[in-house]
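Visitor: Listed in order, the protein sequences are those of chains S and L.
For the record, in the first sequence the residue sitting at position 104 is 104 according to this note's numbering, with numbers rising by one throughout.
For the record, in the second sequence the residue sitting at position 122 is 122 according to this note's numbering, with numbers rising by one throughout.
Wrong hints could be hidden among the right ones.
Said to hold, decoys possible - The calculated DSBU-like cross-link candidates involving lysine-lysine, where the alpha carbons are at most 35 Å apart (straight line), are:
#1 L/Lys91 to L/Lys245
#2 S/Lys304 to L/Lys245
#3 S/Lys245 to S/Lys91
#4 L/Lys304 to S/Lys245
#5 S/Lys245 to L/Lys245
#6 S/Lys304 to L/Lys304
To be verified - Covered by chain L, according to a simulated footprint, are these stretches of chain S (three or more residues, beta-carbon under 8 Å):
#7 89-99
#8 122-136
#9 184-193
#10 266-276
I should point out that these hints are in silico values taken from the structure, not numbers from a laboratory.
No experiment lies behind these values; they were computed from the predicted model shown.
All C-beta atoms, glycine included, are put in the ideal place defined by N, C-alpha and C.
There are 2 protein chains.
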Amino acid sequence: MSEPIFDRLALIGLGLIGSSIAHAARRGGLAREIVGYARSSETRETAARLGFLDRVADSAAEAATDADCVILCIPVGSIGAVTAQIADAMKPGAILTDVGSVKGSVIAQAAPHLPDSIQLIPAHPIAGTEQSGPEAGFAELFDGRWCILTPLPGNDADAVARLRAFWEGLGSDVASMDAAHHDRVLAVTSHVPHLIAYSIVGTASDLETVAESEVVKYSASGFRDFTRIAASDPTMWRDVFLHNKEATLEVLGRVTEDLFALQRAIRWGDGDALFERFTETRAIRRGIVEAGQDTDRPNFGREKPPRA
Amino acid sequence: MSEPIFDRLALIGLGLIGSSIAHAARRGGLAREIVGYARSSETRETAARLGFLDRVADSAAEAATDADCVILCIPVGSIGAVTAQIADAMKPGAILTDVGSVKGSVIAQAAPHLPDSIQLIPAHPIAGTEQSGPEAGFAELFDGRWCILTPLPGNDADAVARLRAFWEGLGSDVASMDAAHHDRVLAVTSHVPHLIAYSIVGTASDLETVAESEVVKYSASGFRDFTRIAASDPTMWRDVFLHNKEATLEVLGRVTEDLFALQRAIRWGDGDALFERFTETRAIRRGIVEAGQDTDRPNFGREKPPRA
C-alpha cells in the first residue's frame with residue numbers, strides 16, 4: 001500500500017455517500033485517520049457501531065479541526081450553514097470539498113465563508129443507490145464510476161491533484177469541467193429524470209380508475225424501472241431542485257415540449273413519427289452499454305424474487 | 001410430466017415472446033407438437049436453426065391448420081390482417097389468443113373475421129426484456145410473472161380453463177379482467193412509462209448545450225434507467241400507442257399536469273411540496289418489492305462492467 005494521501009480526512013455527513021467514502025478510503029489506505037460527524041446522534045451511534053471511522057466527532061467544527069481534507073456529504077441546501085460552522089476550525093491549506101449533485105450553488109454558498117487559505121474544490125461522484133443512511137454504504141460504490149471535479153480558477157494545482165488522486169484511490173475515473181456546465185449536464189442525466197420518475201410514480205398512485213394495488217401488481221411492464229430512482233432520498237432531491245432551478249426548468253421545458261409532440265403523433269395516428277423516434281433511442285442505450293456505463297444483461301440482470 | 005394441454009400449438013410471430021413461449025411450453029410438456037411461423041424468412045431460418053419448434057410452417061394459415069391453440073405473437077397493429085389470413089384454416093373449437101399489450105383493439109380487429117366456433121381469448125403476459133427477436137427468447141421469461149386474460153362474455157368456460165392452465169404451465173400467475181380495464185391499467189404501468197422514457201432519452205440526445213457523449217458518460221446518475229425501456233422494439237411500441245390511444249392520452253394528461261405542479265414548486269422554491277411528493281413515492285417502491293415484483297438489491301442488483 002502506498003503512502004496515504006491525507007493525514008486526516010474529515011467526513012461531515014455519514015449517509016450512503018459519506019459512509020462509502022470511509023469504507024473505500026480505508027480499503028485504499030488513503031488517509032491515516034478518518035474522522036466523521038453527522039447531525040443526527042442516531043447516525044453517529046450507527047457509525048460508531050459499524051466502525052468505519054477512526055473517530056466520531058461531536059460537532060462539525062471538531063471533525064474539521066486539523067483535517068487535511070474535509071468532505072461535506074450533506075444535502076446541497078445545507079452547504080452554506082455547515083461551511084459557516086467549520087470555516088474557522090479548518091487549518092490553512094486544507095481542502096474543502098463536497099459530493100453534491102449541484103455545483104454552482106455549492107460554490108455560491110461556501111465561498112463567502114472561507115478565507116483564501118482554504119482550497120474549495122467541489123466534486124461530484126456519479127455513484128449511488130436508491131438506499132440511504134450509514135448502513136447503506138460500501139467500499140465498492142465508486143469503482144469504475146465517474147467523479148467530476150469542478151475546480152475554481154484560484155485553486156492550487158497541487159491541491160487539485162491530491163483530490164484527484166484521492167478519488168482515483170476510491171476507485172473512480174475523474175473528469176473536470178466548470179460548475180455551470182456540470183449543472184447543465186446533470187440536469188439532463190440526473191435531475192430531470194428523477195423529477196419525471198417522481199412525477200409518474202406519484203401520479204400512478206393517485207388515479208380513480210386504476211387501483212394502486214394493480215399498479216404494484218403489474219409494475220413489471222415498465223413502471224417498476226421508474227420506482228427505483230423515485231425511492232431516492234427526499235431531502236437530498238428537494239435540495240437538488242431548489243439549487244439547480246434554472247437548468248432543471250430549461251431541460252424540463254424541452255422534455256415536455258417533446259412529450260407534447262409525441263402526444264400529438266398519438267392523437268393523430270402518426271405512426272411514422274413514433275417509429276422514427278423509438279428507433280433513435282436504441283442507439284443511445286447501445287452507447288451507454290458500450291461505454292461501460294450499464295450492463296447489457298436483459299432487465300439489468302435483475303434477479304426474480306423466489307416463487308411464493 | 002402430465003398430459004399435454006394441447007395436441008398442436010401454433011405460434012405466429014417468433015420474436016422474444018413467441019420464442020420464449022416455445023421454450024417454456026417444451027420445458028413444461030404443454031403441447032405434443034409446436035408449429036411456428038414468422039413473416040420474415042430470416043426469422044424462420046433462425047427458429048429452425050435454434051430448434052425450439054417441431055416444425056416451421058411456410059404461412060400463417062399453414063401454421064394454424066389443425067392447431068388446438070393459435071397464439072399471435074405479433075405487434076398489435078397486425079392482428080386484424082393475420083386473423084383474416086388464418087380464420088378459415090382454423091379448426092372448430094380451437095382457441096385463438098395473443099400476447100399483445102392492448103386488448104380492446106385486439107378484440108375489435110380479430111372478432112369480425114372469426115366464426116362462432118373459434119374461441120377468441122385475448123391474453124397478455126406481463127413479461128419481457130428490452131431485447132427482441134427469436135434469439136432473445138428463453139424458457140424462464142414467464143416464471144413468476146403475471147399473465148392477464150381478458151375473456152369474452154361468449155367464451156366457453158372449458159377453453160378459458162385450458163388457456164389458464166397453459167399459462168400456468170409456462171410459469172405465470174394468471175389474472176382475469178375485462179379488456180377496457182386492462183387497457184387502462186397498462187396505460188399506467190407500461191404505456192405511458194415507455195412513452196416518457198422514449199421522450200426523455202430522445203430529448204437528451206438533442207440538446208445544444210450538452211453533448212450526447214456527455215449524456216452517455218454520466219448516465220449512471222439516473223438517465224441510464226430510462227434507456228433500458230427506451231430500447232424496446234419500435235414496431236411493437238408504435239402499435240401499442242396507436243391502438244391504446246384514449247387511455248394513453250388520458251394518463252399522459254395526468255402525468256403532465258402533475259409535472260407542471262412540480263415545475264411550479266421548483267420555480268417558486270416550494271421545498272415542502274417537493275419533499276412531500278418525494279416521500280410518498282418511496283412507499284410505492286416498497287410495495288413493489290414486497291409484492292415480489294422487483295428485487296430489493298441496490299441498483300436492481302446490476303453488475304458493474306469490468307474495469308477497462
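Visitor: Determine for every hint whether it applies to the structure shown.
Guide: Hint-by-hint comparison with the structure:
no., hint, in the structure
1, L/Lys91 to L/Lys245, "34 Å, holds"
2, S/Lys304 to L/Lys245, "32 Å, holds"
3, S/Lys245 to S/Lys91, "34 Å, holds"
4, L/Lys304 to S/Lys245, "32 Å, holds"
5, S/Lys245 to L/Lys245, "34 Å, holds"
6, S/Lys304 to L/Lys304, "19 Å, holds"
7, 89-99, "violated (count 0)"
8, 122-136, "holds (count 7)"
9, 184-193, "holds (count 9)"
10, 266-276, "holds (count 6)"
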